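> Construct all of the structure, not just a fragment, from the sequences and the given hints.
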Amino acid sequence: MSANRPAAVVVLAAGEGTRMKSKTPKVLHEICGRSLVGHVVSAARELDPEHLVVVVGHAAEQVGAHLADRYAGTRTAFQAEQNGTGHAVRIALEELGQSVSGTVVVVCGDTPLLSGATLTALAETHAADGNAVTVLTAEVPDATGYGRIVRDAATGAVTAIVEHKDATAEQRAVREINSGVFAFDGQLLADALGKVRTDNSQGEEYLTDVLGILREAGHRVGASVAGDHREILGINNRVQLAEARRLLNQRLLEQAMLAGVTVVDPTSVLVDVTVTFEPDAVVHPGTQLLGVTHLGEGSEVGPNTRLKDTAVGAGARVDNTVADRAEIGAEASVGPYAYLRPGTRLGTKSKAGTYVEMKNASIGEGTKVPHLSYVGDATIGDFSNIGAASVFVNYDGEAKHHTTIGSHCKTGSDNMFVAPVTVGDGAYTAAGSVITKDVPAGSLAVARGQQRNIEGWVARKRPGSAAAQAAAAAAEKTPEDL
Numbered sequence: 001m002s003a004n005r006p007a008a009v010v011v012l013a014a015g016e017g018t019r020m021k022s023k024t025p026k027v028l029h030e031i032c033g034r035s036l037v038g039h040v041v042s043a044a045r046e047l048d049p050e051h052l053v054v055v056v057g058h059a060a061e062q063v064g065a066h067l068a069d070r071y072a073g074t075r076t077a078f079q080a081e082q083n084g085t086g087h088a089v090r091i092a093l094e095e096l097g098q099s100v101s102g103t104v105v106v107v108c109g110d111t112p113l114l115s116g117a118t119l120t121a122l123a124e125t126h127a128a129d130g131n132a133v134t135v136l137t138a139e140v141p142d143a144t145g146y147g148r149i150v151r152d153a154a155t156g157a158v159t160a161i162v163e164h165k166d167a168t169a170e171q172r173a174v175r176e177i178n179s180g181v182f183a184f185d186g187q188l189l190a191d192a193l194g195k196v197r198t199d200n201s202q203g204e205e206y207l208t209d210v211l212g213i214l215r216e217a218g219h220r221v222g223a224s225v226a227g228d229h230r231e232i233l234g235i236n237n238r239v240q241l242a243e244a245r246r247l248l249n250q251r252l253l254e255q256a257m258l259a260g261v262t263v264v265d266p267t268s269v270l271v272d273v274t275v276t277f278e279p280d281a282v283v284h285p286g287t288q289l290l291g292v293t294h295l296g297e298g299s300e301v302g303p304n305t306r307l308k309d310t311a312v313g314a315g316a317r318v319d320n321t322v323a324d325r326a327e328i329g330a331e332a333s334v335g336p337y338a339y340l341r342p343g344t345r346l347g348t349k350s351k352a353g354t355y356v357e358m359k360n361a362s363i364g365e366g367t368k369v370p371h372l373s374y375v376g377d378a379t380i381g382d383f384s385n386i387g388a389a390s391v392f393v394n395y396d397g398e399a400k401h402h403t404t405i406g407s408h409c410k411t412g413s414d415n416m417f418v419a420p421v422t423v424g425d426g427a428y429t430a431a432g433s434v435i436t437k438d439v440p441a442g443s444l445a446v447a448r449g450q451q452r453n454i455e456g457w458v459a460r461k462r463p464g465s466a467a468a469q470a471a472a473a474a475a476e477k478t479p480e481d482l
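Residue numbers for the sequence shown, in our numbering: 1 to 482.
No lab work stands behind these hints, which were simulated from the structure alone. Note that this is a predicted model, so its numbers are computed, not measured. Take the hints with a grain of salt, since some may be wrong.
[As the list claims (entries may be wrong)] For lysine to any residue, the following SDA-like pairs were computed, each having C-alpha atoms within a straight-line distance of at most 25 Å:
1) 437 / 447
2) 195 / 66
3) 23 / 245
4) 477 / 447
5) 195 / 245
6) 23 / 48
7) 308 / 66
8) 359 / 324
9) 400 / 451
10) 410 / 451
11) 349 / 400
12) 195 / 61
13) 437 / 453
14) 461 / 447
15) 23 / 62
16) 437 / 349
17) 195 / 240
18) 21 / 95
19) 23 / 80
20) 195 / 220
21) 195 / 206
22) 359 / 377
23) 359 / 451
24) 21 / 240
25) 349 / 245
Take a look at the structure:
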């Protein structure tokens, strides 16, 4: 356990976020596979706090259910009326029901780029400098509109946070700004919150007033500067949401590339935070990797591929494919234009080729379904070949049924397998067959009508047509002409 482990982390997530213009609460909007508040909670967990409390207010039931479902162990505190950030933190401390001895870190629930490393540095700086409160700050290219950090020239301590509208020309030249993220001494915080006043234009309790109260009491206020100013960006509208997604996506892809993954065109690839890679994986343009997708060593994915909750084995090739909750074995080949639906499992060196759709299907090692086929609710053994335009007829209008094809089978083109049906090991089926009965191992199944040729039908039924003229010309040819 770290010596700088916080006593609590408080996440402020009670606001409505009206500028999002959405029925979805602001903190539940998602980027890169996680909600905004989910990103913050995940970063906070890296501190291993004794307590983690999320203050909820607007759509509290919905936000609380989301946290309970995805972030078990996270506590919530209900702020019935949004009376300011100071009030929200006071509600959180009351939820803990005790005097908090140790560091309390306060973060905003709409800062998805904030990293655990930056929060750890904040807590370490707070402990090392012996501060009553430490402000997370950042130096930005353009500080217009932000509260400026004013420091004591001799000690570096923070003497004030001055809002842009109240700043002097000299203070406006300062590029270090307040992020709204703080580390407090818990006991001093609780005492100071009781002294925060509401005699301001909004009639609210401001958390930033605590800094002045503690400083006037002779306590030190310090700062920890974020390494990347973009980490503190808050989300207030859809434009900022898209920008945060772009930045986080870029960060994730850079991490992957530095770990040995080739991303041919990072500007056209989207990836979730839960995606994992092994070295020498290759990602081509136009690819989306979502959920708990994993790319094995030396696998190659894309272009124009969307994988969700899908595992791709080492050396596999996936081209122009959509896959959802599928398993693709090592050295398997998928696509182009394949669709792997939930429950699909492709064995080592197997193939799901062009315009192939699979659902709840287990495909054995070396087995190939090369093109133009639907395989649903099926098990196919090893080293079999499924002919083009095959359909596994799994639905009778009321229930789904299973088809089993053995190993080393060769099924003809344009076959229909009407489930439930089993084709034994080493069996063959003839092209154009509708298989409705089990086929014993090593047998040839032929299930089609006898061909009958009706001579002269075109001349009688389509006289004068181009077909009739071609047939007549063919009839006049001598063997020497052929």
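> Confirm or reject each hint.
Against the structure, the hints come out as follows:
Proximity of residue 437 to residue 447 is assessed by CA-CA distance (about 10 Å); at most 25 Å being required, the pair is judged to hold. A distance of roughly 34 Å separates the Cα atoms of residue 195 and residue 66; the hinted pair therefore is violated under the 25 Å criterion. As the CA atoms of residue 23 and residue 245 are separated by approximately 20 Å, the hinted pair is consistent with the 25 Å bound. With a C-alpha separation of about 37 Å, the suggested pairing of residue 477 with residue 447 is violated against the 25 Å cut-off.
A hinted pair counts as satisfied when its Cα atoms are at most 25 Å apart, and residue 195 with residue 245 does not qualify at roughly 39 Å. Taken as a hint, the residue 23 and residue 48 pair is broken in the structure, with Cα atoms around 33 Å apart against an allowance of 25 Å. Our distance criterion of 25 Å between C-alpha atoms is met by residue 308 and residue 66, whose separation comes to about 20 Å. The hinted pair formed by residue 359 and residue 324 meets the criterion: a straight-line CA distance of about 10 Å does not exceed 25 Å.
Simply put, residue 400 and residue 451 have alpha-carbon atoms about 33 Å apart, too far for the 25 Å limit, and the pair is violated. Of the pairs offered as hints, the one joining residue 410 and residue 451 holds, with about 23 Å between alpha carbons and a cut-off of 25 Å not exceeded. Restraint check: the Cα-Cα separation between residue 349 and residue 400 comes to about 28 Å, which exceeds 25 Å; the hinted pair is violated. Among the hinted pairs, residue 195 with residue 61 is inconsistent with the structure: their alpha-carbon atoms are about 31 Å apart, more than 25 Å.
This hinted pair does not check out: residue 437 and residue 453 have alpha carbons roughly 28 Å apart, beyond 25 Å. Restraint check for residue 461 and residue 447: the C-alpha separation of about 30 Å exceeds 25 Å, so the hint is violated. As the CA atoms of residue 23 and residue 62 are separated by approximately 11 Å, the hinted pair is consistent with the 25 Å bound. Between residue 437 and residue 349 the alpha-carbon distance is near 30 Å, which puts this suggested pair outside the 25 Å criterion.
For the given pair, residue 195 sits about 35 Å from residue 240 by alpha-carbon distance, which is inconsistent with the 25 Å threshold. Distance restraint check for residue 21 and residue 95: the Cα-Cα separation of roughly 31 Å exceeds the 25 Å cut-off, and the hinted pair is therefore not satisfied. This hinted pair checks out: residue 23 and residue 80 have alpha carbons roughly 19 Å apart, not beyond 25 Å. Between residue 195 and residue 220 the alpha-carbon distance is near 18 Å, which keeps this suggested pair within the 25 Å criterion.
Distance check on the hinted pair: residue 195 and residue 206 sit about 11 Å apart at the alpha-carbon level, within 25 Å; holds. Taken as a hint, the residue 359 and residue 377 pair is honoured in the structure, with Cα atoms around 6 Å apart against an allowance of 25 Å. At most 25 Å may separate the alpha-carbon atoms for a hinted pair to count; residue 359 and residue 451 exceed this at roughly 34 Å. Restraint check for residue 21 and residue 240: the C-alpha separation of about 13 Å stays at or below 25 Å, so the hint holds.
A hinted pair counts as satisfied when its Cα atoms are at most 25 Å apart, and residue 349 with residue 245 does not qualify at roughly 36 Å.
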